[in-house]
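**Student:** So the sequences go chain by chain: A and B. Reminder that position 135 of the first sequence reads as 135 in this note's numbering, one-by-one numbering, no gaps. Reminder that position 162 of the second sequence reads as 162 in this note's numbering, one-by-one numbering, no gaps.
Calculated directly from the structure, the hints in this document are not laboratory data. A few of these clues could be false.
[Claimed, not checked] Okay, derived cross-link-like pairs now, DSSO-like style, lysine-lysine, Cα gap no bigger than 30 angstroms in a straight line:
1) A:101 x B:102
2) B:186 x B:102
3) B:175 x B:197
4) A:101 x B:101
5) A:102 x A:186
6) A:197 x A:124
7) B:197 x B:120
8) A:175 x A:194
9) A:102 x B:101
10) A:175 x A:186
11) A:124 x A:186
12) A:102 x B:102
Fair warning: this is a prediction, and the values are worked out from it, not measured in the lab.
Protein chains: 2
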Amino acid sequence: MSLNFRVVLVEPLYQGNVGSVARAMKNFGFTDLALVNPCPLEGEARAMSSHARDVLEGATITNSIQEAVVGANLLIGTTGITGSKFDEHIRIPAFVPRELKKNLEGYSGTIALLFGREDKGFMKEELCMMDMILTIPTSEIYPVMNLSHAVAVVLYELSGVEAGETPLADAFDTKLLMEHFSQLLKDIEYPAHKKDKTELMLKRIFGRARLIPREVQTLRGVLRRIQRCMVSNKKI
Amino acid sequence: MSLNFRVVLVEPLYQGNVGSVARAMKNFGFTDLALVNPCPLEGEARAMSSHARDVLEGATITNSIQEAVVGANLLIGTTGITGSKFDEHIRIPAFVPRELKKNLEGYSGTIALLFGREDKGFMKEELCMMDMILTIPTSEIYPVMNLSHAVAVVLYELSGVEAGETPLADAFDTKLLMEHFSQLLKDIEYPAHKKDKTELMLKRIFGRARLIPREVQTLRGVLRRIQRCMVSNKKI
Chain A
1 MSLNFRVVLV EPLYQGNVGS VARAMKNFGF TDLALVNPCP LEGEARAMSS HARDVLEGAT
61 ITNSIQEAVV GANLLIGTTG ITGSKFDEHI RIPAFVPREL KKNLEGYSGT IALLFGREDK
121 GFMKEELCMM DMILTIPTSE IYPVMNLSHA VAVVLYELSG VEAGETPLAD AFDTKLLMEH
181 FSQLLKDIEY PAHKKDKTEL MLKRIFGRAR LIPREVQTLR GVLRRIQRCM VSNKKI
Chain B
1 MSLNFRVVLV EPLYQGNVGS VARAMKNFGF TDLALVNPCP LEGEARAMSS HARDVLEGAT
61 ITNSIQEAVV GANLLIGTTG ITGSKFDEHI RIPAFVPREL KKNLEGYSGT IALLFGREDK
121 GFMKEELCMM DMILTIPTSE IYPVMNLSHA VAVVLYELSG VEAGETPLAD AFDTKLLMEH
181 FSQLLKDIEY PAHKKDKTEL MLKRIFGRAR LIPREVQTLR GVLRRIQRCM VSNKKI
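If we strip away everything but chain A, and leave its shape as in the complex, we get (with noise of 0.2 angstroms):
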């Protein structure tokens, strides 16, 4: 049992960055390195990854955040703009570096470190897809940092972590639980216009309780049985 890290550039746009990140994860032992529709990686790209440019070259290309994501239990996004400034939902909670450490102790699996673009960050339908929002405390003057050093002070965090015996839940038997309970959501007649943001607070309150397999099988009969027995009252 082991906990392995992913990370994940969104759409880089420097490929300086895209060397210099390669360089820190090897710096702490991480070598799983997926890009999602990448600039072009030359020269630049090289001499930044400097000693690393296996994991550079190793790297996984994708089209999508989806095909970059396979296999990972699950996805965290890291945003230097939390929801304590734009009150947005899709932003909170956010956990810093050292609360993720402490909530994977123990556990075993995959996990998707997430970073977006230079400029843009993640786009609003991008967050939507994390199960936690991870961000680095920095100074409220000047918060945005470098993509690589973002990278860096995550890995150094998490190179310690000790991971456990208890197994995180499948990504695709939770995605099949979120869809459950969109179903039963329709089912209830939910109003629409809360009907995605009352998902998205789901999705996070599994996200930061770390699902086990058996949890989620459970919350999928429950929904079942519910939802069986709204079918038999219609039919009353």
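Using the hints provided, position chain B relative to the given structure of chain A.
**Tutor:** Coordinates of chain B only, in the frame set by chain A:
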């Protein structure tokens, strides 16, 4: 009462790194930067500093480490090469950033955080100036971090340190104490080949003990009394 941190880059070779360091400093709320014989700082340094151009332009430029650390109570040298590898007395014991943070909690004073050259790190005689050695725990496979990444990780850890009322001893007084001790070693005809190592050992013990002003004065009083007794015994 507060803890002030000064980042000192010793002979940095690449202006991009200097700019990146300025940015990482501002990200974590630090502004006191000193550069010892830096490379020329031009457009690339400004570009990499991004919105921390004020930190970059406000940097003190000196010709020596001594000038760069004026007013600092403690000198902390960061190195990726620790004693465990080379068994060099001057590199042990090395503290990790989390330990340094804990060690400084409750104190007040100015701490100089020194970072060596990108290629060669610190010279031996420079390491001997340090009160403490700091090292970032990295992978054995590729331990050499980018300079600005190392600064970012150290400042990330130290940004949350809680200062207190306990004053750190003045560096000048501590220097007088060390010179006094050195004189005593001569007085007792301490073997010359052991003298430097023993002095360094004591410097490091005092460094990690974080002496307060009263302790330095008391220790000097003890040394004076020892010397007086030795003189009077000789006379007898």
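**Student:** Next step is simple, just say for each hint if it's right about the structure.
**Tutor:** Evaluated hints:
1. With a C-alpha separation of about 18 angstroms, the suggested pair residue 101 of chain A and residue 102 of chain B falls inside the 30 angstroms cut-off, and the hint holds.
2. With a CA separation close to 36 angstroms, the supplied pair residue 186 of chain B and residue 102 of chain B exceeds the 30 angstroms bound.
3. Between residue 175 of chain B and residue 197 of chain B, the direct Cα distance comes to roughly 16 angstroms. Compliance with the 30 angstroms bound is thereby established for this hinted pair.
4. At most 30 angstroms may separate the alpha-carbon atoms for a hinted pair to count; residue 101 of chain A and residue 101 of chain B meet this at roughly 18 angstroms.
5. A C-alpha spacing of about 36 angstroms is found between residue 102 of chain A and residue 186 of chain A, which places the hinted pair above 30 angstroms, so the restraint is violated.
6. Proposed proximity of residue 197 of chain A and residue 124 of chain A is supported: the alpha carbons are some 12 angstroms apart, at most 30 angstroms.
7. In summary, the hint linking residue 197 of chain B to residue 120 of chain B is supported, as the alpha carbons are separated by about 22 angstroms, within the 30 angstroms threshold.
8. Restraint check for residue 175 of chain A and residue 194 of chain A: satisfied, since their Cα atoms lie roughly 20 angstroms apart, inside the 30 angstroms limit.
9. Simply put, residue 102 of chain A and residue 101 of chain B have alpha-carbon atoms about 18 angstroms apart, close enough for the 30 angstroms limit, and the pair holds.
10. A C-alpha spacing of about 17 angstroms is found between residue 175 of chain A and residue 186 of chain A, which places the hinted pair at or below 30 angstroms, so the restraint holds.
11. Restraint check: the Cα-Cα separation between residue 124 of chain A and residue 186 of chain A comes to about 23 angstroms, which is no more than 30 angstroms; the hinted pair holds.
12. Of the supplied pair hints, the one linking residue 102 of chain A and residue 102 of chain B holds, its CA atoms being roughly 18 angstroms apart against a limit of 30 angstroms.
Hints 2 and 5, counting from the list given before, are not met by this structure.
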